[in-house]
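Asker: All chains should be built: construct the whole structure from the sequences, respecting the hints.
Numbering (our numbering), first residue to last: 1 to 826.
Please note: incorrect hints may appear among the correct ones.
Calculated pairs, PhoX-like style, for lysine-lysine (alpha carbon to alpha carbon, straight line, at most 25 Å) [said to hold, decoys possible]:
hint: 1; residue 1: 674; residue 2: 618
hint: 2; residue 1: 750; residue 2: 652
hint: 3; residue 1: 237; residue 2: 411
hint: 4; residue 1: 151; residue 2: 270
hint: 5; residue 1: 750; residue 2: 717
hint: 6; residue 1: 270; residue 2: 280
hint: 7; residue 1: 237; residue 2: 280
hint: 8; residue 1: 357; residue 2: 280
hint: 9; residue 1: 681; residue 2: 710
No wet-lab data here; the hints were simulated from the structure.
None of these values were measured; they are calculated from a predicted model.
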Amino acid sequence: MVTNYNPAEIEEKWQQKWAEDDSFRSEIDHDKTKYYVLEMFPYPSGKLHMGHMRVYSIGDVLARFLRMRGFNVIHPMGWDAFGLPAENAAIDHRVNPAIWTEQNIEHMKKQQNRLGVSYDWSREVNTSAPDYYRWSQWLFLLMYKRGLAYKKQASVNWCETCETVLANEQVEKGLCWRCSSVVETRDLEQWFLRITEYAERLLYDLDKLEDWPERVKTMQHNWIGRSEGAEIAFKVKEIPEEEVRTFTTRPDTLFGVTSMVLAPEHPLVKKLVEGTEREKDVMDFVARVRKESEIERTADEAPKIGLFTGRHVVNPINGEEIPVLVGNYVLMGYGTGAVMGVPAHDQRDFEFAKKHKLPIRIVIQPEGEELDEHTITEAYTGEGVMVNSGSFNGLNNTEGMKKVTEYLKEKGLGDFRVTFRLRDWLISRQRYWGAPIPIVYCDKCGTVPVPETDLPVKLPHDVELSGNRVPGLAHYEEFVKATCPVCGEPARRETDTMDTFICSSWYFFRYASPHSQIAPFEKDDVDYWMPVDQYIGGIEHAVLHLLYARFFTKVLFDAGMTRAEEPFSRLLAQGMVYKDGAKMSKSKGNVVTPDEIVERYGADTGRLFILFAAPPEKDLDWNDQGVEGSHRFLRRVWRLVVECREQFATGKGNADHGEKEAELERVLHATIRKVTHDIEKRFNFNTAISAIMELVNAIYNYRLSVEEVKQNNSLLKETLVKTILLLAPFAPHLAEGAWNLLGYKESVHKQSWPEFDTVKLVVDEVEIVVQINGKVRGRMVVPVDFNEDDLAEAARENERISELIEGREVVKIIAVKGRLVNIVVR
RNA sequence: GCCGAAGUGGCGGAAUUGGCAGACGCACACGACUCAAAAUCGUGCGCCCUCCGGGCAUGUGGGUUCAACUCCCACCUUCGGCACCA
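Answerer: Encoded structure:
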């Protein structure tokens, strides 16, 4: 006889069966509603950690649940396989990155399968496979053709440890996102994607993403950083053909400008001081500032230093001469790299002016106050009336912003302008293990894109592994040598590879069309499957991957390749997994691996615990004893199935349907309702599981409180069967095993999700709480259809209550049907 | 500084629409079974008191309401993001 719950045995058995039956393959079916469930694909580092287990568990519950609900579910998995760790491993182990990656994928895939996750492996993608990166390159060319990929000389982020440049999004507080080294600045010619062209849409379409967490949207909102203002041209007094353009959000303060400060990188700086006595001082200062890392330059305690250039600009609104300085706090990458200083109305300008003894002039007066430029101790940034502003005097400053800009526009000296904090996406990487940028340089024809028919531009296969790093592509002569596609003359290949975030910006499209040989993906496929209905992943990608993927999707939309304007309809940002209040890490010695858990308790226990311990979006504290509890529950379920099966076989029992049966039935239907709602509407798997636990407890209670020969076996069986169905998404192996044990041949995962019957939820009597002045003073059981008046009367008649209100004046009685009665007395 | 999220027993968490605070689970205690242990089952379990019964409790202080974890105001703390952004 089958007895104990043996996860090792049943999990392997059913995993094999599912694989043999190809159970989770999905095909286009226009008669069914599709549902795209996607977890962020992993970097194949070699082993799964608890964060992976969590994200896959969440995704798998949804996928399995939605299949049972009748959706045509697509649930794919793949590998974000390019990236630096493969190169480091290559050197450490003297093994080709491709082979290392391949081995890791193989291993991790086994681990995923051991978790029982229901993936359609026929759609698996590997971004490092030529068959995939060919299309990453194709998409680069698409960007190039659409004017969205370009090369420029720029001052860029450089990580010395990774020996490559980084995009702005990949620098966190001045440190490299991957290795936390200090990021330096270098001047290099690099490839960029014009994401700023999409800034406005990336920002406004956030509003369409109703089912995204607010915090992620806020982060993107801040990152894009839109501000409205004016761009204003100031002529250089000493060199009339030159002008300084400045961006300001406060054109209403233009009459208060007393300095013009340029970024050290500003192209005009050199010209302004060239051949003057100040040239050396200024250029030394510029050189010194530019050597500083972003950390040093933006540190809180970094003093604001400015150096006079000896030159002046002319304020276009009143012809005043204003000194031009170079300042270490002005950033070339924002606005125009030049700031007009209005000390009276900008705190930073105020401090700067105090330090450099620049004049302060008040041009906005707050209502009912009289600010004095000699006595103010801080800038006034609020609203007010314009003063000292010529013909604009007396205007409200908000009005003034518009009026001043309009005036300048008429004169051709300025215009309205919107500026973004977001900068173009630097995608060149000076590394081997990435998709080569498909560009050829020809002496005659210049920069030439590789024709689509010549793709992929393959990575050199025989990697040089003798040194202390994998050499970049420039090292491989055979790779560099090329023929110009235009003129046929010898040419050189671009030797940088693309940022791996390019590869992960479109993989969800490829899943829909994984084997296409004619395009990155085919329209029929993506028109059916896209967008992703539910995306699940870590919050750390709030501005990186999630912003890039949105950008790519919009470009693909504009190119007519998809109808999806946004890639991910719903986003679930899952919390992190902690243990003992700290992130799991080797150094803290608090790591628990999915392997250990599967080994010890089985995958079902691990999945159940991870979903039960906290709602998915919250951080989760791993608790070994909690895992025991989940395991105990599954054993309890298994034992129940085994015992009931034996009981059913005896043929004993009867068909009575008394109070206890009605109660069991009611609990069953209430549970179906709750579990369905919790998964579908709230993503609260923890409460769904607790409801199933209560149902199991109710079955045990029924069996305990009714003699075996008197138990209603048909009801018991129905309840048990439905319990197994409810549990199937959470503990798929146990459910399949139990289902089989109960005599069913077809997979539990092919069954329909149970429906609840509202009729079965109806009760005859309910317990009503009776409060006096808001405090619970008694309870009474009344017929369920008692209305407010009946309730009030019943409460008054209640023995205990009537004693308590005896001799007191009843001011008011509030009765809520089915819930409570509150008697207000004096 | 700005923006966002959150604060509930010893612990993880629940309370879905303003209506019994603490579901479910963990830990703990006691009991049953056992020679014993494990497993399993049962009972109890916010804090306090004079323990029939009552008082106090959802970060703090106010407010609205018959009724507040839930709504409003102010504040405190924690976490996350952005930050010399002109």
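Asker: Does each hint fit the structure? Answer for all of them.
Answerer: Hints, verified against the model:
1. 674 <-> 618: holds (21 Å)
2. 750 <-> 652: violated (31 Å)
3. 237 <-> 411: holds (18 Å)
4. 151 <-> 270: Holds: residue 151 and residue 270 sit about 24 Å apart, inside 25 Å.
5. 750 <-> 717: holds (19 Å)
6. 270 <-> 280: The hint holds at about 10 Å.
7. 237 <-> 280: Measuring from Cα to Cα gives roughly 21 Å; hence the hint holds.
8. 357 <-> 280: holds (23 Å)
9. 681 <-> 710: It is violated: about 39 Å lies between the C-alpha atoms, which goes past 25 Å.
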